[in-house]
Amino acid sequence: MSPLDLILPVGGIALIVLVVWLVGGLRNASIDDTDAVRRQLALDHPEFEPGELRLAADKRSALILDRSERRSAVLFALGDRVTVRIVAPGDLAGVGACGGDLVLTLTDLGARRLILRLGDAEAAQVWAARLDRLLIGAAETQGSRSAAALAS
Amino acid sequence: MTLPDPVALAVPAFIVLVIAEVVIARLRSSASYELRDTAASLLMGLGNFAQGLATAGLLYLATAWVWQFRLFDIGYTWWAFLAIFLAEDLCYYWFHRLSHEHRIWWAAHVNHHSSQHYNLSTALRQTWTGNLALTWVVWLPLALIGFPPALIIFEKGISLIYQFWIHTEQVRRLPRWFEAVFNTPSHHRVHHATNPRYLDRNYAGILIIWDKLFGTFVPEDDTEPCRYGIVKNLGTFNPLRIAFHEWAGIVHDVRTAGNWRERLGYVFGPPGWKPDGSGSTSEAIRAAWRARASAASVPSSTRVPQKG
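Line order of the protein sequences matches chains S and Y.
Using the numbering used here, you'd call the opening residue of the first sequence number 2 and step up by one each time.
Using the numbering used here, you'd call the opening residue of the second sequence number 2 and step up by one each time.
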């Protein structure tokens, strides 16, 4: 193996990244209104029935409860794309409010921490308590039911 | 006979073609490339290159060990190149299909599908853990039949190079005869899409005939644009998380499983499998889509194709 075998891929990566940057490749998606949220949800998860909805103040994320209130959907901007994650009981490892931010910690390493900048400390606390009750509480209840079933 | 390393020879072409596609996409005002997504894909490619260097010797030794029990002495005759082209492509089809149908191999392959973009850099978003997951065993029968190990490795390189150029949205359709026989950008866009109609279809490497033969072919429908990515799209551009998130998911699920049936299901079942049957597997997503389509009595142009 010659040094060129290493220099060429590394140099190539640097060159490509530079060209993508030069043509304006650093872009951020924004979630402008609730209609956009519903459209995206209908496309990616048509079975999800959106109920209450909250847009983040920075237009980079949104949180939606489904009508049954047994799960929620989080939309968030990742680069120039908007991604949807359905968060059901068992998917959420923790939830909390930090100032005006709602911080979700998922069990999935691929989307570990989602921060929704609500810009409203009170709203962040209300949503955190709600998600804690609906999703973490529900998962624990399910877990204890399973444990009881196994024990019996 | 000494065969060249086709992938090493192709690296300069990869770089030139990616840059050409970036420029063409920009001229066409297509939002094909995003900086962090591209960087992540390229770093995944670099990591794959490094792990390939680290494991190439072991893979060659394993293949050579099997080859000593070969049924035939095929050697490097002209027809051996033709036969390995077909046989390797068939192995690739099954490796690829199994990688989508069983979570333990999906964990190694998922990173290739994790971009929500579809361009030549996506082709380089390659696995870091495929060799560790023993996906290479699919090609061992070729050595047992009698194909020399160097010929098998050469053909795998040719297949990888072929599959590079089909990761593009800049080419819409190729001549009908070509689309009928070969894997093309159109067929492979379908493979990378998460639309229920397209999910887990078109596994081909070079020849699309395998999908037609085994019932996994779906043509691209211009009325339904592909939505790229995975069912649970990632929230990160971090290559380490991209490479290992599904492995971490397997560990998490196995640790929280209640019994051995569940543990085995989480490891060897289809991606998305859950013990209570509520998981979002490809088949479950497709079934729900079919049910919705039937309920909505969609127009015939968009009606759900029946399998078989």
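Worth flagging that the hints you see were computed from the coordinates, not collected in a lab.
Fair warning: there could be bad hints in the mix.
Said to hold, decoys possible - Which bits of chain Y does chain S cover? Going by a derived footprint, with three or more residues having C-beta under 8 Å, they are:
1. 25-38
2. 91-101
3. 177-189
4. 227-239
5. 248-254
Said to hold, decoys possible - One side only, chain S facing chain Y, incomplete, derived with CB under 7 Å:
6. 104
7. 108
8. 111
Glycine is no exception: its CB is placed at the ideal position from the N, C-alpha and C atoms.
The hints, checked one at a time:
Given as covered by chain S, the segment 25-38 of chain Y passes the check, having 7 residues with a CB less than 8 Å from a CB of that chain where 3 are the minimum. Look at the segment 91-101 of chain Y against chain S: 0 of its residues bring a Cβ nearer than 8 Å to a Cβ of that chain, fewer than three, so the hint is violated. Proximity of the segment 177-189 of chain Y to chain S, defined as three or more residues with a beta carbon under 8 Å from a beta carbon of that chain, is not established by the 0 residues found. Given a C-beta distance limit of less than 8 Å, the hint that chain S covers the segment 227-239 of chain Y holds, as 8 residues qualify and 3 suffice.
Only when three residues or more bring their CB closer than 8 Å to a CB of chain S does the claim for the segment 248-254 of chain Y stand; here the count is 3, and the claim holds. Evaluation of the residue 104 of chain S hint against chain Y yields a violated restraint, the C-beta minimum of about 13 Å exceeding 7 Å. Hint on residue 108 of chain S holds. Least Cβ distance to chain Y is approximately 6 Å, under the 7 Å limit. Given the 7 Å rule on beta carbons, the hint for residue 111 of chain S holds: about 3 Å separates it from the nearest Cβ of chain Y.
Against the hints set out earlier in the document, violations occur for numbers 2, 3, 6.
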